[in-house]
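Visitor: Here is how the chains run, residue by residue.
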Amino acid sequence: EAQVTQNPRYLITVTGKKLTVTCSQNMNHEYMSWYRQDPGLGLRQIYYSMNVEVTDKGDVPEGYKVSRKEKRNFPLILESPSPNQTSLYFCASSFLGTSGPNNEQFFGPGTRLTVL
Amino acid sequence: AQSVTQLDSQVPVFEEAPVELRCNYSSSVSVYLFWYVQYPNQGLQLLLKYLSGSTLVESINGFEAEFNKSQTSFHLRKPSVHISDTAEYFCAVHFSGNTGKLIFGQGTTLQVKP
Chain A
1 EAQVTQNPRY
11 LITVTGKKLT
21 VTCSQNMNHE
31 YMSWYRQDPG
41 LGLRQIYYSM
51 NVEVTDKGDV
61 PEGYKVSRKE
71 KRNFPLILES
81 PSPNQTSLYF
91 CASSFLGTSG
101 PNNEQFFGPG
111 TRLTVL
Chain B
1001 AQSVTQLDSQ
1011 VPVFEEAPVE
1021 LRCNYSSSVS
1031 VYLFWYVQYP
1041 NQGLQLLLKY
1051 LSGSTLVESI
1061 NGFEAEFNKS
1071 QTSFHLRKPS
1081 VHISDTAEYF
1091 CAVHFSGNTG
1101 KLIFGQGTTL
1111 QVKP
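If you read the sequences in order, they're chains A and B. According to the numbering used here, the stretch in the first sequence is residues 1 to 116, in order. According to the numbering used here, the stretch in the second sequence is residues 1001 to 1114, in order.
Just so you know, the hints here were simulated from the structure itself, not pulled from any lab data. It is possible that some hints are incorrect.
Derived pair list, reagent style PhoX-like, types lysine-lysine, alpha-carbon separation capped at 25 Å [as the list claims (entries may be wrong)]: (1) B:1101 to B:1069; (2) B:1101 to A:65; (3) A:18 to A:69; (4) A:57 to A:17; (5) B:1049 to A:57; (6) A:18 to A:71; (7) A:57 to B:1113; (8) A:65 to A:17; (9) A:69 to A:17; (10) A:57 to A:69; (11) A:69 to B:1101; (12) B:1101 to A:71; (13) A:57 to A:18; (14) B:1101 to B:1049; (15) A:65 to A:18.
All chains, full assembly: derive it from the sequences and hints.
Guide: In C-alpha cells form, the structure reads like this:
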C-alpha cells in the first residue's frame, strides 16, 4: 500500500530533550516536506527536500533540523524542544514537477507533540 | 511577503445548500493552486488543483474551483453540500520562483447541518 508513515504518532516530552520524528514514504517521491498545524494558523512549512541531500527552509524553520540521506526517509529533529513547538506535525511527499511541487502531496497521519 | 488568505475561518451551512469557500493570494506571479481537505483526525487529501489551462477545475465529488488571475483568487464552490462534506478545507499556493515552498491558508471549517 502506497503511504507516508510517521512515528511516533503521539509524544509528550520536556523542554530541552532532543527528539526525532521519523517520516518514510514508499512511493519513490523526490519531494518531501514537513509542516506544523496550529489552530487559526493553518499549515506552515518547516523544511522541504527536493531530492536526496537537497533540503531547504520553509517559512518556520527555527528550532528544527532535517536530513535527507535516503530518498524514502526525511526525519525531523528538534535539538532542544521548547513549549512553543507543541503542535501537530505532518510529513508529506510527492513527485516533483518540472517547475516545482505541482503534484498531489500525500500526507502522513500526523504526530501530535506536546513539550512541557 | 507572499501569503495566502482564507477569509472565513468557519462556514456553517445546511445540507443541500450551496457553499463557497474563499481563497485569495498575495502575488500576481505565476502560481500553482491547490485545495486540500482534512476530515476529523486525519491527514490532508488533495481535492483539486490548478496548474494551467482551463480556469475552472473540478473534483470527483462535486466541488469546483475557479482561478481568477485579476483578483488573485481561487474560490472553492459546491452547489449542494452533504453532511459528509463536513471537514476543514485548506487552500495552498506555490508561487513561481519559490522552488519547493508551498504556502497554505489558515483553513476554513465547513460545518454542514442537517
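Visitor: Taking the hints in turn, state whether each one holds.
Guide: Verification of the supplied hints:
| no. | hint | verdict |
| --- | --- | --- |
| 1 | B:1101 to B:1069 | holds (20 Å) |
| 2 | B:1101 to A:65 | holds (16 Å) |
| 3 | A:18 to A:69 | holds (20 Å) |
| 4 | A:57 to A:17 | holds (23 Å) |
| 5 | B:1049 to A:57 | holds (24 Å) |
| 6 | A:18 to A:71 | holds (24 Å) |
| 7 | A:57 to B:1113 | violated (41 Å) |
| 8 | A:65 to A:17 | holds (14 Å) |
| 9 | A:69 to A:17 | holds (24 Å) |
| 10 | A:57 to A:69 | holds (17 Å) |
| 11 | A:69 to B:1101 | holds (20 Å) |
| 12 | B:1101 to A:71 | holds (19 Å) |
| 13 | A:57 to A:18 | holds (20 Å) |
| 14 | B:1101 to B:1049 | holds (16 Å) |
| 15 | A:65 to A:18 | holds (11 Å) |
In the structure shown, a violation is registered for the earlier hint numbered 7 alone.
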